[in-house]
Amino acid sequence: MTHVELLEKIFIGYKKTYTDPREFWDVLKELANGTGNASLVVVDSIANLQAYGAASDENVNTLILGTMDSDGGIFYYSTDALVPDGVNIISATGRGSGYWVRAVLSGSGNLYTENPVTEPGFQFIQDQDDNYTGLGLAQVGLAAYGPIVTGEPGGGVFDPTFTTAALFAMGMLTDVQGSGAVGIGSIVKSQGQSSVAIGTGTQALENHDVAFGQNAIASGQNSVAFQGANAEAIYSFSHGNSALGRWAGAFTYGYAQNNNDRITNKPYVGRTLLNYLTNDATPVDLSDGSTAQSPFVLRDNSFWEFVVEVSAIEVGTLTTAARWSFKGVISRGAGVATVAIVGVPIKTVHFNGLATADIEVIADTTRGSLAVRATGEAATSIRWIGEIVLAECLIA
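Each number in this note's numbering comes from the position in the sequence shown (counting from 1) with 2 added on.
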């Protein structure tokens with residue numbers, strides 16, 4: 003390795019990259035003559051490194067290096083704001099207070115190997131002062147063994163016992179906690195397993211969630227939220243400012259063509275699949291499904307326009323079937339008991355070859371929801387399939 007290559011590695015991201023060895027040694031001598039700020043400090047353990055300057059701001063523009071005897075390697079660290087920001091660093095690359103920093107533990111004793119990390123260990127970068135994110139170097143590529151957290155609004159919490167594998171975080175105020183999770187951007191949070199949050203103010207809170215854009219929040223497991231939307235229910239997909247996925251499998255979108263009332267009424271349109279298998283004439287709500295998923299619960303002080311299309315067929319036949327459709331309006335005030343159908347829904351029976359089978363839309367005052375209620379036939383297996391489309395706004 004040439005002197006130039008060596009020095010470039012040592013001073014990566016520092017205020018200047020020195021290419022002349024004489025200039026480099028002049029800098030080292032100048033640093034060695036100083037104390038506190040702009041000085042050279044030699045330490046013999048990570049504990050001493052962490053303790054240096056912890057009670058003051060004496061570590062600005064300081065170069066620290068030393069030998070890690072217990073691990074048989076070389077320790078090197080250079081930054082303009084050292085120890086308090088680098089707590090619990092064993093091996094990582096990251097950013098601190100505006101300049102790139104490097105901390106390496108190499109069991110081979112060779113600081114300049116391409117992949118110097120020789121054991122997984124705990125790898126972490128946290129800069130509470132400037133909220134820059136670190137990027138860990140693990141044995142299996144660019145990732146981290148343990149959480150990468152640079153703080154949430156109001157201050158982040160560092161848990162040294164948390165050991166989540168293969169995280170990736172970049173940006174400012176990123177908080178990545180889930181195993182295999184990714185967080186990129188500004189003020190993002192990705193805490194579910196294999197979750198992804200990208201953008202500004204995005205949050206992927208449950209396992210396998212994806213949040214993308216600005217202020218999107220995915221909080222239902224396996225949900226997706228884009229550009230200001232909230233996907234709260236399992237397998238929901240929401241896009242656009244004010245969109246809200248509140249029931250299982252919902253596909254919702256917000257941000258109206260004329261958007262002058264968006265802040266107050268928070269409008270969105272949503273649609274969801276309806277399905278059920280009945281074996282008798284007991285009435286059931288298609289929105290509940292066979293696994294009792296969330297019904298179509300209205301928010302307090304909300305107003306819905308809805309369209310329902312439902313078909314049914316007797317199992318084992320090809321033509322013993324029926325089809326219905328509804329158009330109507332439902333509203334809710336404060337509390338579940340206030341939900342009510344407004345006016346009279348338009349019901350269309352397109353055909354009915356199932357004799358006594360039927361569909362109704364009902365205001366469920368027990369759950370504060372819209373119920374799409376199906377009644378099958380005794381001793382008959384009927385498969386129901388359909389869709390509900392609704393537009394919601396707040397009226398308070």
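Be careful, since some hints might not be right.
[Claimed, not checked] When the alpha-carbon atoms are kept at most 30 Å apart in a straight line, the in silico DSS-like pairs for lysine-lysine are as follows: (1) 268 x 349; (2) 329 x 349; (3) 268 x 329.
[Unchecked claim] If you anchor each label on the Cβ, the simulated ranges turn out as follows: (4) 380 x 202: 54 to 64 Å; (5) 342 x 202: 21 to 31 Å; (6) 347 x 396: 17 to 27 Å; (7) 397 x 320: 42 to 52 Å; (8) 318 x 358: 17 to 27 Å; (9) 342 x 273: 51 to 61 Å; (10) 196 x 362: 33 to 43 Å; (11) 385 x 307: 19 to 29 Å; (12) 181 x 393: 32 to 42 Å; (13) 196 x 346: 27 to 37 Å; (14) 354 x 391: 20 to 30 Å.
What the hints contain is simulated information worked out from the structure, not anything from laboratory work. Glycine is no exception: its CB is placed at the ideal position from the N, C-alpha and C atoms.
Quiz item: Is the gap between the beta carbons of residue 354 and residue 391 within 20 to 30 Å?
Solution: For residue 354 and residue 391 the Cβ distance comes to about 22 Å; the hint holds.
Quiz item: Does the hinted range 21 to 31 Å hold for residue 342 and residue 202 at CB?
Solution: violated, 40 Å
Self-check item: residue 346 and residue 196 - C-beta distance against the hinted 27 to 37 Å
Solution: For residue 196 and residue 346 the Cβ distance comes to about 48 Å; the hint is violated.
Quiz prompt | C-beta pair residue 181, residue 393: status relative to the range 32 to 42 Å that was hinted | solution = Distance hint for residue 181, residue 393 holds at roughly 39 Å.
Quiz item: Is 17 to 27 Å right for how far apart the beta carbons of residue 318 and residue 358 are?
Solution: At 18 Å between Cβs, range holds.
Quiz prompt | Cβ separation of residue 196 and residue 362, checked against the hinted range 33 to 43 Å | solution = Roughly 42 Å apart at Cβ, these two residues keep to the hinted range, so it holds.
Quiz item: Is the hinted pair residue 268 and residue 349 satisfied, with a Cα-Cα distance of at most 30 Å?
Solution: This hinted pair holds, its Cα atoms lying about 28 Å apart.
Exercise. With respect to the beta-carbon atoms only, verify the hint that residue 342 and residue 273 lie 51 to 61 Å apart.
Key: With Cβ atoms ~23 Å apart, the hint is violated.
Practice problem: Mind checking the alpha carbons of residue 268 and residue 329 for me, to see if they're no more than 30 Å apart? | Solution: holds, 22 Å
Practice problem: Starting from the hint 19 to 29 Å, judge whether the C-beta atoms of residue 385 and residue 307 obey it. | Solution: About 28 Å separates the Cβ atoms of residue 385 and residue 307, which means 19 to 29 Å holds.
Self-check item: Distance restraint evaluation - residue 347, residue 396, Cβ atoms, bounds 17 to 27 Å
Solution: holds, 22 Å
Quiz item: Given the hint that residue 329 pairs with residue 349, does the C-alpha gap stay at or below 30 Å?
Solution: Cα-Cα ~7 Å, so holds.
Hints 5, 9, 13 from the earlier list are contradicted by this structure; the remaining hints agree with it.
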